[in-house]
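Just so you know, the sequences run in chain order A and B.
Per this note's numbering, the very first residue in the first sequence carries number 1; after that it's consecutive.
Per this note's numbering, the very first residue in the second sequence carries number 1; after that it's consecutive.
Quick caveat, the hints were computed from the structure, so don't treat them as lab data.
No residue lacks a Cβ here, since even glycine has one placed at the ideal position from N, Cα and C.
Some hints here could point you the wrong way.
Taking CB as the label site, the calculated pair distances span [said to hold, decoys possible]:
1) A:Asn179 / B:Ala27: 41 to 49 Å
2) A:Phe39 / B:Arg46: 52 to 60 Å
3) B:Ala27 / A:Ser186: 32 to 40 Å
4) A:Tyr46 / B:Ala27: 41 to 49 Å
5) A:Trp178 / B:Arg34: 29 to 37 Å
6) B:Arg47 / A:Ala17: 14 to 22 Å
7) A:Trp197 / B:Arg47: 22 to 30 Å
8) B:Glu39 / A:Leu32: 33 to 41 Å
9) A:Val19 / B:Ala10: 55 to 63 Å
Stretch by stretch, here's where chain A covers chain B in the computed footprint (C-beta under 8 Å, at least three residues) [what the hints assert, rightly or not]:
10) 2-8
11) 11-20
12) 23-34
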Amino acid sequence: MPLIDYANPTRFLAFSARVLPWLAAATAVLLLVGLWLSFFGSPPDYQQGETVRIMYIHVPSAWLSMLCYGVMAVAAVGTLVWRHPLADVTARAAAPLGAAFTFLALVTGSLWGKPMWGTWWVWDARLTSELVLLIMYLGLIALWQAVDDFGRAARVVAVLTLVGSINIPIIKFSVDWWNTLHQGESIFRAGGPTIDWSMLTALFTMMAAMTLLYAALLIGAIGNEILKRRADQMEMMAAGERG
Amino acid sequence: MSPHTGFIVAAYAVTAVTLVVLVLWVALGARAQRRRLTELEARGVRRRSAAKETA
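Next up, chain B with everything else stripped away, as it sits in the complex (with noise of 0.2 Å):
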């Protein structure tokens, strides 16, 4: 084993535990988004491009 193991480790373990929290913001965000939407959807707001669709 090296003697600097740790640093090897700590390394990998900040960049594992960065990447993975990017991934979650995203997909997190893209849940919390599409949720919004769905629930201003379903009180009856309608985007201005979708409402003069439906005119």
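Isolated chain A (complex conformation) (with noise of 0.2 Å):
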């Protein structure tokens, strides 16, 4: 079946039915020798000592803030140009998430920065730009709430959220374009990465298992935003033929 053809809120149902637990056992196999390589299976830093294993939890919810906001607004597009049914569900169901592993990078980075710069915060360029993204978020599900009608509620929030992936690329390029505390790129970069491949590992191996773990998520609460408009839809024929 082609993929598009799972693009239908019926058959993403019984798509997700099917592929929820295999993904779910993956998460939990792959979360479980993540954990073991950042623990026990990789060295202490030179620099940073122990510090060093924050980073293997917040690497991936600082990749996954991201993500998520470019799965937004992959999804603002289908909302705007093809009015597609599950554009804005999808997005729906991306933000709480969106706005957890946001949470999360800035905590853990929070957690990690008072041992090591000596400060739980700093306006820096990549710290200011992740907390305007958690704003966003929030601005973007409190939008959701405050409109009745689903539609117009899907245009403007899609709207919005393109207007606001002008900060993803700050997010990604604040180290190189700015002067910030925050270190520069490390992994992705030109020259290769700068951290040992004994830490690289554990570190790419918990990237995997959270971004599975996001996908189960995701595509979860895609299912559960499904079943509730159809409720609501219910729920509205059922007032309708009483009134």
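The task is to assemble the complex, starting from two chains supplied on their own in separate frames and drawing on the hints.
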């Protein structure tokens, strides 16, 4: 079956029922391996010592905070251009997940910053743009709650999501464009990673595990949103018949 | 033991709690929506597409 056929709510529910158990199992296995590597299978850093272990949850959280917004931006295009029924559902399901991973990136970064930098927080470009991302997620969630009409809310949120997507390259390249306390790019850079493979293995395993978890949560949340809209529609029909 | 153990434990604890909350949000949300749909169907309410299929 072509991939586009799954972009039908009923088919998507059948697809998620088949895929979720496998995805959950793969996530659990990879998470266990990743945690073992993070605590026992990787050495302490020569400068950071044991504190480097915070990186194994901070970096995946930061990566997912941006990936999630990317998913919402693609969904926003789907809402505005094709008015696809699953596009707004996907964006709405993704927003709380994005907010949660952004929150984790900020908190774990702060818990790393205190012992390493001597401060919980600095208003440098990377940290501030990540905080702006959290505020944007919360603002979009609030906007969905504030507008009763599904279609109108979807279009307004889609436009704002696309406007806000300018923040993603700012987060990514902030350490190159400005002089920040946050260290420069050390993984996905032109000259190759600056981190030793003994630590990169743990980091990539945790990134894969948390990305699988995110995928499972997103598929589950999209399914819930489809069911919620069905129930809302049926309640409105029932109310209409009574009235 | 590292002098920064407290920071490491706190970071993993906050992450674990947040991820458990997300899993519960999705799992309990699915249960709640399915219960809503079952109750509506028990009251004889059908979706527009389902009503067309039975007509």
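Hints violated by the structure (listed by number, smallest first): Numbers 5, 7, 9, in rising order.
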